[in-house]
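Each chain is listed here by its residues.
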Amino acid sequence: MSQTPGNDIAGWAERLRQGDRRALARAITCVENGEAPAAALLSALYPCGGHAHVIGVTGAPGTGKSTLVNALARAYRRRGLTVGILAVDPSSPFTGGAILGDRLRMRDLAGDAGVFVRSMATRGSTGGLSRMAADAVHLLDAAGYQRIFIETVGAGQDEVEVARLAHTIIVVEAPGLGDDIQAIKAGILETASILVVNKADREGAEQTIASLRMMLDLQHPEQATVSHHGTLMAIAAATPEAPGRWRPPLLAAVATEGRGADEIIDAIEAHRLYLTTTPEGAGLRARRAEIELGHALDEALRHLLAQRVAREEYVRLLEEVIDRRVDPRSAAEQLIRCLCSPGES
Amino acid sequence: MSEERRIRVLVAKPGLDGHDRGAKVVARALRDAGMEVIYTGLRQTPEMIAEAALQEDVDVVGLSILSGAHLALLPRITELLRKNGMADVLVIAGGIIPDEDVPALEAAGIARVFGPGTPTDEIAAYIRQQVAERRQA
Numbered sequence: 000m001s002q003t004p005g006n007d008i009a010g011w012a013e014r015l016r017q018g019d020r021r022a023l024a025r026a027i028t029c030v031e032n033g034e035a036p037a038a039a040l041l042s043a044l045y046p047c048g049g050h051a052h053v054i055g056v057t058g059a060p061g062t063g064k065s066t067l068v069n070a071l072a073r074a075y076r077r078r079g080l081t082v083g084i085l086a087v088d089p090s091s092p093f094t095g096g097a098i099l100g101d102r103l104r105m106r107d108l109a110g111d112a113g114v115f116v117r118s119m120a121t122r123g124s125t126g127g128l129s130r131m132a133a134d135a136v137h138l139l140d141a142a143g144y145q146r147i148f149i150e151t152v153g154a155g156q157d158e159v160e161v162a163r164l165a166h167t168i169i170v171v172e173a174p175g176l177g178d179d180i181q182a183i184k185a186g187i188l189e190t191a192s193i194l195v196v197n198k199a200d201r202e203g204a205e206q207t208i209a210s211l212r213m214m215l216d217l218q219h220p221e222q223a224t225v226s227h228h229g230t231l232m233a234i235a236a237a238t239p240e241a242p243g244r245w246r247p248p249l250l251a252a253v254a255t256e257g258r259g260a261d262e263i264i265d266a267i268e269a270h271r272l273y274l275t276t277t278p279e280g281a282g283l284r285a286r287r288a289e290i291e292l293g294h295a296l297d298e299a300l301r302h303l304l305a306q307r308v309a310r311e312e313y314v315r316l317l318e319e320v321i322d323r324r325v326d327p328r329s330a331a332e333q334l335i336r337c338l339c340s341p342g343e344s
Numbered sequence: 000m001s002e003e004r005r006i007r008v009l010v011a012k013p014g015l016d017g018h019d020r021g022a023k024v025v026a027r028a029l030r031d032a033g034m035e036v037i038y039t040g041l042r043q044t045p046e047m048i049a050e051a052a053l054q055e056d057v058d059v060v061g062l063s064i065l066s067g068a069h070l071a072l073l074p075r076i077t078e079l080l081r082k083n084g085m086a087d088v089l090v091i092a093g094g095i096i097p098d099e100d101v102p103a104l105e106a107a108g109i110a111r112v113f114g115p116g117t118p119t120d121e122i123a124a125y126i127r128q129q130v131a132e133r134r135q136a
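Those protein sequence lines, which keep their order, are chains H and X.
Residue numbers for the first sequence follow numbering that gives the first Met the number 0, beginning at 0 and rising by one.
Residue numbers for the second sequence follow numbering that gives the first Met the number 0, beginning at 0 and rising by one.
Source of the hints: derived by calculation from the structure; they are not laboratory data.
Misleading hints may appear alongside valid ones.
[What the hints assert, rightly or not] Just so you have them, the derived chain H footprint on chain X, three or more residues with Cβ under 8 Å:
1) 18–32
2) 52–63
[Said to hold, decoys possible] Computed beta-carbon distance windows for the label pairs:
3) X:V101 to H:L303: 49 to 59 Å
4) X:D87 to H:V314: 30 to 40 Å
5) H:C339 to X:E105: 58 to 68 Å
6) X:G67 to H:G110: 19 to 29 Å
7) H:E262 to X:H18: 48 to 58 Å
8) X:E121 to H:H302: 34 to 44 Å
Glycine included, each C-beta is placed from N, C-alpha and C at the ideal position.
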């Protein structure tokens, strides 16, 4: 189906490693579509990867994520590092179509051979996005991009999971998007390695910064007390942090002007160093590997199921589940039994 | 596995005119037709468009131009695409393009020019049919 000869995987992988952008772009398409060469390419390239530092950038729509990534990529380029960008936008749940508009904010990067920008649609299936993004990151990594940004809208489990594939997670906030109780809700904020308040020249920026600082103080107390009306209050559950643990810095930025970009990059590099010198870094590597192994296992099982179990059998079971004669878990167990002893169902 | 391969379309505005309403209407219509549309916005150079098409590995490049510079810009884009090894990409154009210029554009590799008032369904149907043929080949 592709113009790049599918049978010459070794040649394709080699061209990708040498920086052939067409080979890389085609490979990402294969990964997105689950086409046959994808698996072979990924396994050929996996051993050459692991050099890139992966940065997840997430936050609500309108906080300026794409513009910020544009500014950060430029700052990295000034430091001589190459940058890959994976910009994820949602697919329509009704038509499956998508408008991928992140490039619109990244036009400063055009014409720079040290930057590769790829837009990706979420395509609906749960877990699918995370797998596609992880594989695309492997490809960008193998192609030699030294810093890789994954940009996603920070809403929904899928996006949170994508962010968890990153080494460093930047959560972007902007003034005027909600009161301070939003800041102490559980969720994506807790995953942040760096917090950025973008559009810091707008009204209300100080309030946003103050409420995020409060949240950080509660989550990462330097001592188990907070100051309230001038008196020190003990915080029940929190214990003083172990010295040396990473405390997410809170940084202000005006991405349209590139303001704050250098400070954010310093913070990313500090976090990178932190991960290489503490046990947390090893833990993170293990967690990322585990997420990916989980995806691969899911996929392999489904694939095996499609091979071993007749479609009719699957549909028959599905109908029984629809009619509530069998519960989904028992149906799944029956299907797994078919896998273990084919022809015996 | 069950999913068919999505059609990816780059919608771009080469040159200097600042009118992007038509491009946005088409982008939205193609999205509603189930395609993935990479929208790159105004004032793109031929180099920017060809590079974006390469990185995004699109099946289709849709160019909207109202400035009158189509005879200069559009052939340059198809030439750069060919240079990038993307001669198989479907390139279509829309905007204000006089009928007498169409043969020259077609000779330069623009598959079809859609004038003002073209129903968006017609564009989507044309893309689907063309991409299906190219994927067979």
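Checked hints:
1. 18–32: holds (count 6)
2. 52–63: Held - the segment 52–63 of chain X has 4 residues with a Cβ nearer than 8 Å to chain H, which meets the minimum of three.
3. X:V101 to H:L303: 49 to 59 Å: Holds, since X:V101 and H:L303 (Cβ atoms, about 53 Å apart) stay within the stated range.
4. X:D87 to H:V314: 30 to 40 Å: With Cβ atoms ~38 Å apart, the hint holds.
5. H:C339 to X:E105: 58 to 68 Å: Cβ of H:C339 to Cβ of X:E105: about 60 Å, so the range 58 to 68 Å holds.
6. X:G67 to H:G110: 19 to 29 Å: Taking Cβ atoms as reference, X:G67 and H:G110 lie about 25 Å apart, which means the hint holds.
7. H:E262 to X:H18: 48 to 58 Å: violated, 39 Å
8. X:E121 to H:H302: 34 to 44 Å: holds, 39 Å
The structure fails hint 7 only (numbered hints given earlier).
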